[in-house]
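Let chain A serve as the given structure and place chain B on it in line with the hints.
The chain contents come next:
Protein chains: 2
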Amino acid sequence: MLQPPPAHPGMREDEIDTPALVIDLDAFEYNLDTMAAMIADKPVKLRAHAKTHKSPVIALQQMARGAVGQCVQKVAEAEILAWGGVPDILVSNEVVGALKLARLAALSKIARVAVCADDAPQIAAIAAAAENAGVRLSVLVEIDAGGKRCGVNSGPDAVALAQLIAASPHLRFGGLQAYHGSAQHLRQPAQRAAAIASAAEGCRRTVEQLRQVGLDCPIVGGAGTGTFMHEATSGVYTELQAGSYCFMDADYAANLDDAGKPVSTFRHALFVLGTVMSAARPGVAVLDIGHKAVAVDCGLPLVWQRPDVRYVGASDEHGTLNFGPETAAPKLGEKLRLVPGHCDPTVDRHEWYVGVRNGRVECLWPVAAHGAMF
Amino acid sequence: MLQPPPAHPGMREDEIDTPALVIDLDAFEYNLDTMAAMIADKPVKLRAHAKTHKSPVIALQQMARGAVGQCVQKVAEAEILAWGGVPDILVSNEVVGALKLARLAALSKIARVAVCADDAPQIAAIAAAAENAGVRLSVLVEIDAGGKRCGVNSGPDAVALAQLIAASPHLRFGGLQAYHGSAQHLRQPAQRAAAIASAAEGCRRTVEQLRQVGLDCPIVGGAGTGTFMHEATSGVYTELQAGSYCFMDADYAANLDDAGKPVSTFRHALFVLGTVMSAARPGVAVLDIGHKAVAVDCGLPLVWQRPDVRYVGASDEHGTLNFGPETAAPKLGEKLRLVPGHCDPTVDRHEWYVGVRNGRVECLWPVAAHGAMF
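Taken in order, these protein sequences are the chains called A and B. Note that the first sequence covers residues 1 to 374 in my numbering. Note that the second sequence covers residues 1 to 374 in my numbering.
Read the hints as simulated data drawn from the structure, not as lab findings. Heads up, some of the hints might be wrong.
For identical chains, the list gives no copy identity; a pair is met inside one copy or between any two copies.
Computed cross-link-like contacts, EDC-like style, restricted to lysine to aspartate or glutamate with a CA-CA straight-line distance of at most 20 Å [unchecked claim]:
no., residue 1, residue 2
1, 45, 33
2, 45, 297
3, 109, 88
Chain A with its partners taken away, still in its complex shape:
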């Protein structure tokens, strides 16, 4: 279904219908500005990951601050961004199936589009799709940067695939995709630094071996919100793919900095606003925010600015809050903000962003690629 928006501009925050996905616009813009400033003097560009925000509106704000383009994970996300005016898109993922590849090839007529591969048959399938559409597609080789998910080994395996790509008249070798996902939430800064140092070493070796066979490597892409300064200063990565930095979530905020404190580079800018729908029992309030409105795969949400109230359990449509006898009990009908544990899949539950500033609704943006699974 297409849901009506839960608010209109000018409303007070407490008038927003719930559950609603709320952006604190001041914090959000602070995050965009902060990232742009932090990498301005580094030899890298930002290609922000749209899997977080799923919105061409937000993508264009990132590009206005210097991002060279966007990453996506699915062809449908690439379509939504291209149709919304984003000119340069990397599918930082494998795309398997003739139908999906035909869509990707068609899309490359209105935007610059690149895709990843980690297997020779995939490269042949991408070349066939490009030939059918009469286009030339840029293909990056994905290497396993340590996450043990997709990707070939760095070194000779990656070089062999790059040569296959470069040998096709319908393809262009775009570079290396080397995202280390499992490094992002290592809590200690030394762990994150070591993981990315190892990933960067694999990239460096591969770039050198590519050079030895006469192949230039235009892009070495990777990095997330947990590690991006390590990739930025690695000397080998050229593009950063951080996504969550624009919103932050409770899981990223649990990473520690060198002083042993929670990292505070970015601010919490994304919230799920809920209403207390039952307060019939002492010490308990029930919010209208359960699995359908917030993702709990990386931990339960936190109640914003209410450390005395804990979100203790989600069911499909309900979230249970507990609090002690000394706490001012949340009242029936009261609205509370939650900080999601994991922003990307939380955003995917919603169809609208409600942008708030100074307690008032300022804008409504569609979560345009909500549910874009193909």
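Positioned in the frame of chain A, the structure of chain B alone reads:
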């Protein structure tokens, strides 16, 4: 976004685009028939829970087999069902907020609509909405049947609310809502029996106390797929609210029967079909099914009819499969079915059901109330 359907009628299953939500129509119809047969001679009716399927098409198939109506959790779900021809709908949940209550009151002009309450101010708000719309709304009192979520205590607290409802010229006392959610997945049958015996005792006492103050109790509603035969034979419950039985999921299939074996009353009828999108490393294959396509809040999905292949981890768009050296490795591009750990939120990730029989796509049904959060 509204996604195009991932298939068309007549396709072979291996031609369906993925990720896709697939119904095995034979197993699904078996489940509907089995439930109808099991309660045919019991003093209860089925009011199946549409929070599972979110589809008027499925609702009407349940009603054709004897269900008296449907339950929903949200006003938006009630709207979708009523617009799809379902004539009798209970919101088995509290509805808080003037906007939502106005929609519910308006809806009662095209369908029989009832709602729950567990607090006096809610009852006043429902009465105001009914008065504004010029309708009379049926309100059930929710009692805490043991789940410690919403609901007042059984006995005098519930009777007091029932009297408030009955005293309003704009409301009608509809009965008791007494769903024991946390009993559904108690693994041992004796635990489930004891939990429902306790819930039924609270209902029985409350019905008796209502009678003493002159109030008839038209409905005593509750029960889920894990416990429904206990409510059906309790002598006090009159309506069963099972939802998952039509699909089953891995979590319900882990309940044990009296012989200590997994319950086998219903068949797995719901699957998420995925494609192997990376097979670059030995012992590992990556499916295109992660958090966006399958819910893992009640456990990871199982690979259907492939006990030698395990789904070991979900990220947003990827699912990692592990297998041993003796296994025939899933190949790049191969399609596999997963049995979701939890069917309700898995269905909510999708916009289309693909109905399959004998290896061919027979029908496409919209998940009409997908994302219905308000």
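Now the hints, each set against the structure:
Taking identical chains as interchangeable, the C-alpha atoms of residue 45 and residue 33 lie at most 20 Å apart only when both belong to the same chain, with a minimum of 14 Å there against 60 Å between chains. In this homomeric assembly, residue 45 and residue 297 never come within 20 Å of each other (Cα to Cα): the closest approach is 30 Å inside a single copy and 37 Å across copies. In this assembly of identical chains, residue 109 and residue 88 lie within 20 Å of each other by CA distance solely inside one copy; the values are 12 Å within and 51 Å between copies.
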